[in-house]
Amino acid sequence: MPDEANRGDKSEEELEAEMLRMMQQEASGDAPSETSPAASPDSPEDDMMRMMQQAMSEAQAETGASGSESSADQMLEMEMLKAMQGNEAGSVAAPFPAFSAPADTEGLSAGLSRILDVNVKITVELGSNQTPIKDILQWGEGTLVELERMDREPVDVLVNNKLFARGEVVVVGETFGVKITELLNGPTRK
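According to UniProt numbering, the sequence shown is numbered sequentially starting from 1.
Where hints are given, some of them may not hold.
Stated by the list, open to error - Keeping only pairs whose Cα atoms sit at most 30 Å apart, straight-line, the calculated DSSO-like set for lysine-lysine is: (1) K162 - K179; (2) K134 - K179; (3) K121 - K162.
Said to hold, decoys possible - Computed spacing ranges between beta-carbons, pair by pair: (4) M80 - A110: 17 to 23 Å; (5) E125 - M80: 31 to 37 Å; (6) E168 - V120: 19 to 25 Å; (7) E141 - N119: 51 to 57 Å; (8) L147 - L76: 21 to 27 Å; (9) E12 - T131: 53 to 59 Å.
Please keep in mind that the hints were generated in silico from the structure rather than gathered at the bench.
C-beta: ideal position from N, C-alpha, C; glycine also.
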């Protein structure tokens with residue numbers, strides 16, 4: 001590790017603060033270009049780069065070429081330093097094409113046919129309520145639990161815990177069922 005004399009008058013915290021400032025400038029596009037007068041050979045950015053390169057070369061000389069892992073890390077750091085020195089004029093976001101609906105709907109239905117036999121969990125939610133634990137501990141057989149949903153209000157039909165439809169509770173023979181009254185499309189599903 002380099003000693004204080006190799007780092008000049010700047011402490012480690014000052015160097016980190018300077019690096020952070022430079023990175024923020026570069027990210028916001030305010031970084032001076034190589035041809036601008038602000039980027040003179042004696043600028044603080046150049047001083048910091050020189051100190052970082054010196055510290056890395058000293059660390060590399062201390063460890064030698066024996067440690068392949070640390071050597072690889074050092075090579076990566078050197079590449080990052082070189083990239084920082086490049087100080088390109090600024091980065092431009094790459095334009096992405098707009099996504100469109102797939103043109104091959106026949107291929108889509110062929111793909112769907114592969115999963116038509118997959119079972120999913122269907123849950124019908126009659127209603128819900130929030131109750132303090134002290135009240136729940138007093139429950140016994142015959143306790144009536146109130147739900148927030150009103151009588152004759154549609155129940156929620158969930159497929160794999162996702163709201164899919166709404167419907168009315170019906171009795172078919174001796175079992176309950178749900179008559180679907182409204183299918184929900186994707187954006188309104190929870």
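We went through each hint and held it up to the structure:
no.	hint	verdict
1	K162 - K179	holds (18 Å)
2	K134 - K179	violated (36 Å)
3	K121 - K162	holds (10 Å)
4	M80 - A110: 17 to 23 Å	violated (47 Å)
5	E125 - M80: 31 to 37 Å	violated (53 Å)
6	E168 - V120: 19 to 25 Å	holds (22 Å)
7	E141 - N119: 51 to 57 Å	violated (34 Å)
8	L147 - L76: 21 to 27 Å	violated (60 Å)
9	E12 - T131: 53 to 59 Å	holds (56 Å)
Checked against the numbered hints above, the structure violates hints 2, 4, 5, 7 and 8; every other hint is satisfied.
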